[in-house]
Amino acid sequence: MKLRTILILAVAAIVIALISLWMGQAAYTWFPPQASAESVLVDNLFSFLVTLGTFIFLGVFGTLTYSILFQRVEKYDLSDGPHIEGNVKLEIIWTVIPFALVVWIAVYSYQIYDQMSILGPMDHSHGAMIAWADAAKISDSKTLETEKIQVLARQWSWEFRYGDGTAKVSSTELHLPNNRRIKLVLHSEDVLHGLFIPAFRIKQDVIPGRDIDFEFTPIREGKYRLRDSQYSGTYFAAMQTDVVVESPEAYQKWLADAASATPAIAYNRAASEYAKRANANNWATVIPAAPPVVNYSN
Numbered sequence: 005m006k007l008r009t010i011l012i013l014a015v016a017a018i019v020i021a022l023i024s025l026w027m028g029q030a031a032y033t034w035f036p037p038q039a040s041a042e043s044v045l046v047d048n049l050f051s052f053l054v055t056l057g058t059f060i061f062l063g064v065f066g067t068l069t070y071s072i073l074f075q076r077v078e079k080y081d082l083s084d085g086p087h088i089e090g091n092v093k094l095e096i097i098w099t100v101i102p103f104a105l106v107v108w109i110a111v112y113s114y115q116i117y118d119q120m121s122i123l124g125p126m127d128h129s130h131g132a133m134i135a136w137a138d139a140a141k142i143s144d145s146k147t148l149e150t151e152k153i154q155v156l157a158r159q160w161s162w163e164f165r166y167g168d169g170t171a172k173v174s175s176t177e178l179h180l181p182n183n184r185r186i187k188l189v190l191h192s193e194d195v196l197h198g199l200f201i202p203a204f205r206i207k208q209d210v211i212p213g214r215d216i217d218f219e220f221t222p223i224r225e226g227k228y229r230l231r232d233s234q235y236s237g238t239y240f241a242a243m244q245t246d247v248v249v250e251s252p253e254a255y256q257k258w259l260a261d262a263a264s265a266t267p268a269i270a271y272n273r274a275a276s277e278y279a280k281r282a283n284a285n286n287w288a289t290v291i292p293a294a295p296p297v298v299n300y301s302n
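Residue numbers (the working numbering): 5 to 302.
Accuracy of the hints is not assured; some may be wrong.
[To be verified] Heads up, simulated BS3-like pairs for lysine-lysine below, C-alpha to C-alpha not over 27 Å straight-line: (1) 79 - 93; (2) 93 - 227; (3) 172 - 227; (4) 172 - 207; (5) 152 - 172; (6) 152 - 257; (7) 93 - 152; (8) 227 - 187; (9) 207 - 187; (10) 257 - 227; (11) 172 - 257; (12) 187 - 172; (13) 227 - 152; (14) 187 - 93; (15) 152 - 187.
Because the hints were derived from the structure by calculation, they are not lab data.
These numbers were taken from a predicted model, which means no experiment stands behind them.
Let the hints inform the model, and build the full structure from the sequences given.
This is the structure we're talking about:
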């Protein structure tokens, strides 16, 4: 009887493990395409958590279901259950296993964050931190040339500035060369904003009064969406734009074309909507910042 119980539990554990592994693989399909090296790491961590969570859920659910169906008292049995004293072995098991799982998750999560190395020093006088990304789709990213781009966040628009000196280009659309390490220097001109690109699996708060270095590596050409992840005021939903990842050659051509364009006032949805309703009623609101003057507007 004991051997039979062990075999049943072993088979049940194997079935639950197989289902959990399947769920972990299915979790990769729940997100947008992996467009950055960091997204590969984040998705691997999420898949691991889904696998582990599914195994725990099915194990607990299965135990409860078995208890309800096969460990019921007889009808009309109102007697007390057996008096059970503490079980030291059982208490050790249900303390050690959760503790080990929590430590495992914490260590793995820290390793992923350390590999991503997305947040550089905020004090630029100390230089940029050498960062590296996952090697799944990019060979040793320490050898990748870094592209530095300034990001200005304001209520309610994004502005991106490339290059320095006479070669400066400004845009309301973020263009990035593929397979190259990107360093964004984030700056807020007013309140707290949040740079969030779902396809890259990266998010960083943009804090007023600080310049924050933020690094990542695009690995998939295409057009993605950048949103403000923080509620920054009345028109914050309008504070989003496109992120275009293109080949290094196409990127250089875009920079050259944009540099030759005459700077003009960019279309700004927040300012446009505010202008349309300014005289419609008299309830107070934050006036959007003036639309940026850029070489290229999406």
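Structure-based check of all given hints:
1. 79 - 93: Between residue 79 and residue 93 the Cα gap is close to 33 Å, so the pair fails against 27 Å, i.e. violated.
2. 93 - 227: Violated, at roughly 56 Å.
3. 172 - 227: OK: residue 172 and residue 227 at ~23 Å, within 27 Å.
4. 172 - 207: 26 Å, holds
5. 152 - 172: 12 Å, holds
6. 152 - 257: Holds, at roughly 17 Å.
7. 93 - 152: Violated - the C-alpha atoms of residue 152 and residue 93 are around 58 Å apart, more than 27 Å.
8. 227 - 187: Satisfied, since the Cα-Cα distance of roughly 19 Å is no more than 27 Å.
9. 207 - 187: Measuring from Cα to Cα gives roughly 14 Å; hence the hint holds.
10. 257 - 227: 17 Å, holds
11. 172 - 257: It holds: about 14 Å lies between the C-alpha atoms, which stays within 27 Å.
12. 187 - 172: Given pair residue 187, residue 172 holds - Cα atoms ~16 Å apart, limit 27 Å.
13. 227 - 152: OK: residue 227 and residue 152 at ~20 Å, within 27 Å.
14. 187 - 93: 53 Å, violated
15. 152 - 187: 5 Å, holds
Of the numbered hints given earlier, the model fails hints 1, 2, 7 and 14; all others are met.
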